[in-house]
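Chemist: Residue numbering for the sequence shown follows numbering that gives the first Met the number 0, beginning at 0 and increasing consecutively.
Heads up, a few of these hints could be off.
Pairwise CB distance ranges (calculated) [stated by the list, open to error]: (1) Lys66 to Ala39: 50 to 58 Å; (2) Lys101 to Ala39: 19 to 27 Å; (3) Lys48 to Lys1: 17 to 25 Å; (4) Ala180 to Lys101: 19 to 27 Å; (5) Val171 to His82: 28 to 36 Å; (6) Glu12 to His82: 55 to 63 Å; (7) Ser158 to Gly26: 45 to 53 Å; (8) Gly169 to Leu53: 37 to 45 Å; (9) Glu98 to Asp179: 13 to 21 Å; (10) Lys1 to Ala87: 27 to 35 Å; (11) Gly68 to Ala114: 27 to 35 Å.
Mimicking DSS-like on lysine-lysine, the simulated pairs with C-alpha atoms at most 27 Å apart in a straight line are [said to hold, decoys possible]: (12) Lys77 to Lys1; (13) Lys165 to Lys101; (14) Lys101 to Lys1; (15) Lys66 to Lys140; (16) Lys101 to Lys77; (17) Lys1 to Lys85; (18) Lys140 to Lys77; (19) Lys77 to Lys177; (20) Lys1 to Lys165; (21) Lys165 to Lys77; (22) Lys48 to Lys77; (23) Lys177 to Lys1; (24) Lys66 to Lys27; (25) Lys120 to Lys66; (26) Lys165 to Lys177; (27) Lys140 to Lys177.
None of these hints come from the bench; they were simulated from the model.
The C-beta atom is built at its ideal place from N, Cα and C for all residues, glycine as well.
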Amino acid sequence: MKTSFELVAEFRETQGKGASRRLRHAGKVPAILYGGHAAARTLTLSHQKLLIMLDNERFYSTILNLKVGDESQAAILKDVQRHPFKNAIVHVDFQRVDENEKIRISIPLHFTGAAVAPGVKSQGGLVSHMRTEAEISCLPKDLPEFIEVDISGLSLNESIHLSQLKVPQGVVLVELAKEDAAVVAIHSPRAEEPEPTAAAAAVPGAAEGAAAAAPAAAGAAGAAADAAKTPAAAAGKKEEAKKEPAKKDAKK
Numbered sequence: 000m001k002t003s004f005e006l007v008a009e010f011r012e013t014q015g016k017g018a019s020r021r022l023r024h025a026g027k028v029p030a031i032l033y034g035g036h037a038a039a040r041t042l043t044l045s046h047q048k049l050l051i052m053l054d055n056e057r058f059y060s061t062i063l064n065l066k067v068g069d070e071s072q073a074a075i076l077k078d079v080q081r082h083p084f085k086n087a088i089v090h091v092d093f094q095r096v097d098e099n100e101k102i103r104i105s106i107p108l109h110f111t112g113a114a115v116a117p118g119v120k121s122q123g124g125l126v127s128h129m130r131t132e133a134e135i136s137c138l139p140k141d142l143p144e145f146i147e148v149d150i151s152g153l154s155l156n157e158s159i160h161l162s163q164l165k166v167p168q169g170v171v172l173v174e175l176a177k178e179d180a181a182v183v184a185i186h187s188p189r190a191e192e193p194e195p196t197a198a199a200a201a202v203p204g205a206a207e208g209a210a211a212a213a214p215a216a217a218g219a220a221g222a223a224a225d226a227a228k229t230p231a232a233a234a235g236k237k238e239e240a241k242k243e244p245a246k247k248d249a250k251k
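Work the whole structure out from these sequences, hints included.
Modeler: Have a look at this one:
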């Protein structure tokens, strides 16, 4: 059976959150190996070496060789648990591989021909990927590294579905049993909306607010003017009151 990566691991006897935490502080990653008509075994791996391998796309979709002491076991990666915000692996799951039993694994889709597709080159469309990988079922010997998807013949508003993918003999697309989902399509770009003015963009509803505030401002200005006139009018009346006695005295 052909394997692409070799991982050196150790059997782990201690379990629990405390033991796993101590392993991570020591630069190790807790893992589990199950399946293949054998009991599950807990393992530990080097965190740094595992990080390097996880950067390779093929690591997720090929058969791995787990080496524990003098023992070697073919396996596939089933799950990777990562830390929410640190570049750290929390836990890894592996499944044993038997060359006579089919395996289920997700493999990447490689898209080609986008630059020459009529929908892109001459019709101004955009490529939209609905799937970047597909789950398959096959014997280990038939496992492909990826599935190539040629979109060079797609025109605008056309798509390629799972049933149109060319898979090697002995390989079955698992999801196709449920639905013939779209994998990739070429669609028209969205029409651009007119850009708002700087003032409107800065303060949503600014124009409406200004319009509503204008009458109020005018009313306030009028009230202020009236208030200003009132003291002046009162002062004028006082002056007139002072002048009246003087006039009467003059007549006398």
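Chemist: Should the hint that Ala180 and Lys101 are 19 to 27 Å apart at their CB atoms be regarded as holding?
Modeler: The hint (19 to 27 Å, Cβ to Cβ) holds, given that Ala180 and Lys101 are roughly 22 Å apart.
Chemist: Per the hint of 37 to 45 Å, is the separation of the Cβ atoms of Gly169 and Leu53 within bounds?
Modeler: Once the Cβ atoms are compared, 28 Å apart, the range 37 to 45 Å for Leu53 and Gly169 is violated.
Chemist: Evaluate the given range 28 to 36 Å for the C-beta pair formed by Val171 and His82.
Modeler: The hinted range 28 to 36 Å holds for Val171 and His82, with Cβ atoms some 35 Å apart.
Chemist: Keeping to a limit of 27 Å between CA atoms, is the pair of Lys165 and Lys77 held or broken?
Modeler: OK: Lys165 and Lys77 at ~24 Å, within 27 Å.
Chemist: Note whether the CB distance of Lys101 and Ala39 lies within 19 to 27 Å or breaks it.
Modeler: The hinted range 19 to 27 Å holds for Lys101 and Ala39, with Cβ atoms some 20 Å apart.
Chemist: Against the 27 Å threshold, does the CA-CA distance of Lys77 and Lys1 hold or violate the hint?
Modeler: Given that 27 Å is the threshold and the Cα spacing comes to 18 Å, the pair holds.
Chemist: Is it true that Lys1 and Ala87 lie within 27 to 35 Å of each other by Cβ?
Modeler: holds, 31 Å
Chemist: Measure nothing beyond the straight line between the CA atoms of Lys177 and Lys1; if it is 27 Å or shorter, mark the hint as holding.
Modeler: violated, 31 Å
Chemist: Could you say whether the range 13 to 21 Å given as a hint is met by the Cβ separation of Glu98 and Asp179?
Modeler: violated, 31 Å
Chemist: Taking the beta carbons of Ser158 and Gly26, is their distance inside 45 to 53 Å?
Modeler: Between Ser158 and Gly26, where Cβ atoms are some 46 Å apart, the hint holds.
Chemist: Do the alpha carbons of Lys1 and Lys85 lie within 27 Å of each other, as the hint requires?
Modeler: The given pair, whose Cα atoms are some 34 Å apart, is violated under the 27 Å limit.
Chemist: Can the suggested window of 50 to 58 Å be confirmed for the beta-carbon pair Lys66 and Ala39?
Modeler: At roughly 18 Å between Cβ atoms, Ala39 and Lys66 fall outside 50 to 58 Å, so the hint is violated.
Of the hints listed earlier, those the structure fails to meet are numbers 1, 6, 8, 9, 11, 17, 23, 25, in rising order.
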